[in-house]
Amino acid sequence: MNDLSNKNQTNHMKLQFASRSENEAFARVTVAAFVSQLDPTMDELTDLKTVISEAVTNSIIHGYDNNPSGVVTISAEIVGEEVTIYVSDEGNGIEDLEMARQPLYTSKPDMERSGMGFTIMENFMDEFEVNSEPGAGTTIRMKKRIESKKALYN
Amino acid sequence: MNFHVELEHQRNVLITRLKGELDHHTAELVRVQLDEAIQRGQINHVVLSLKELSFMDSSGLGVILGRYKLLKGKGGKMVVCDMNPAVRRLFELSGLFKIMNVYDSEHTALTGLEVVS
Ligand SMILES: Nc1ncnc2c1ncn2[C@@H]1O[C@H](COP(=O)(O)OP(=O)(O)OP(=O)(O)O)[C@@H](O)[C@H]1O
Ligand SMILES: [Mg+2]
Chain A
1 MNDLSNKNQT
11 NHMKLQFASR
21 SENEAFARVT
31 VAAFVSQLDP
41 TMDELTDLKT
51 VISEAVTNSI
61 IHGYDNNPSG
71 VVTISAEIVG
81 EEVTIYVSDE
91 GNGIEDLEMA
101 RQPLYTSKPD
111 MERSGMGFTI
121 MENFMDEFEV
131 NSEPGAGTTI
141 RMKKRIESKK
151 ALYN
Chain B
1001 MNFHVELEHQ
1011 RNVLITRLKG
1021 ELDHHTAELV
1031 RVQLDEAIQR
1041 GQINHVVLSL
1051 KELSFMDSSG
1061 LGVILGRYKL
1071 LKGKGGKMVV
1081 CDMNPAVRRL
1091 FELSGLFKIM
1101 NVYDSEHTAL
1111 TGLEVVS
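Chains as they are written, first to last, in my numbering: chain A, 1 to 154; chain B, 1001 to 1117.
Each hint should be verified, as a subset may be incorrect.
Simulated DEER-style distance windows between Cβ atoms [unchecked claim]:
no., chain 1, residue 1, chain 2, residue 2, range
1, B, K1072, A, N131, 24 to 32 Å
2, B, G1095, A, K149, 26 to 34 Å
3, B, Q1039, A, D39, 46 to 54 Å
4, B, T1108, A, N67, 39 to 47 Å
Note that these hints are calculated values from the structure, not bench results. Computed from a predicted model, the values in this text were never measured in an experiment. Glycine included, each C-beta is placed from N, C-alpha and C at the ideal position.
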């Protein structure tokens, strides 16, 4: 507890909001602001904003079928140089996870989805995991190590 | 939110400049504005200019692919120019890079269209 060195630094946050599309920007800006204490590069921040946007959008359009009365929860934890982010909903859940994670697979082709959300999250983060229960909801867990900007200049 | 679509006609080409953050929320605006312009019918091709696009996610890929298909069905073309490295990475990951012509400026995009039209 007395160790304030960067390596053992821990911090956490939790955010809950209505499943409305205008909250997507709010969610990614808020998480980016929280992670900025690790002094991430612009590229790292863009990656984080993108995966938050993907996960939150999925909760809104797939989890809650665009019904604004749902609740999306984001929690994030920083341990040392790593950030772990959870995005969850209590919506429809996913029947076939393996199929859902295939690149280009979408259950809503009529809505012009590209089926790239999970592929993007998997590619942009170091760890990526989906837990889902049909009828109960979905939780995404993602982890990324932040290479501090300071390290680049040393 | 901070997002804006700017349209400029140059003969039968519609230059569409996307500015700000393109996500699920703002993608609808792109769809409505472009479809309206395409349906009105004086344009054959679209140059999508992304110089001032500061953020995009898979919802952007979806709306771009949707307009690409719509134009193609009408015998037109959609080309993209001036994308930043983050947007380029999404284009590569999704394979859009392989089906759409990508240029580094509006000028080269317009020149490219002239050659193919
Ligand atoms: N939170 C969720 N709740 C229920 N189903 C989900 C959820 N997230 C994803 N899915 C299912 O997994 C599929 C794949 O998700 P993914 O994000 O990869 O693609 P998409 O959302 O359909 O398209 P895109 O993300 O490119 O707009 C979705 O089509 C949907 O069926
Ligand atoms: Mg998605």
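Check your understanding: Cβ-Cβ distance between G1095 of chain B and K149 of chain A: within 26 to 34 Å?
Key -> Holds: the Cβ-Cβ distance is about 32 Å, inside 26 to 34 Å.
Review point. Is it true that Q1039 of chain B and D39 of chain A lie within 46 to 54 Å of each other by Cβ?
Key: Between Q1039 of chain B and D39 of chain A, where Cβ atoms are some 48 Å apart, the hint holds.
Practice item. Given the hint of 24 to 32 Å, check if K1072 of chain B and N131 of chain A actually sit that far apart at their C-beta atoms. Key: Violated - the Cβ-Cβ distance for K1072 of chain B and N131 of chain A, about 39 Å, lies outside 24 to 32 Å.
Check your understanding: For the pair T1108 of chain B and N67 of chain A, does the Cβ-Cβ distance stay inside 39 to 47 Å?
Key -> holds, 45 Å
Hint violations for this structure: number 1 only, all remaining hints satisfied.
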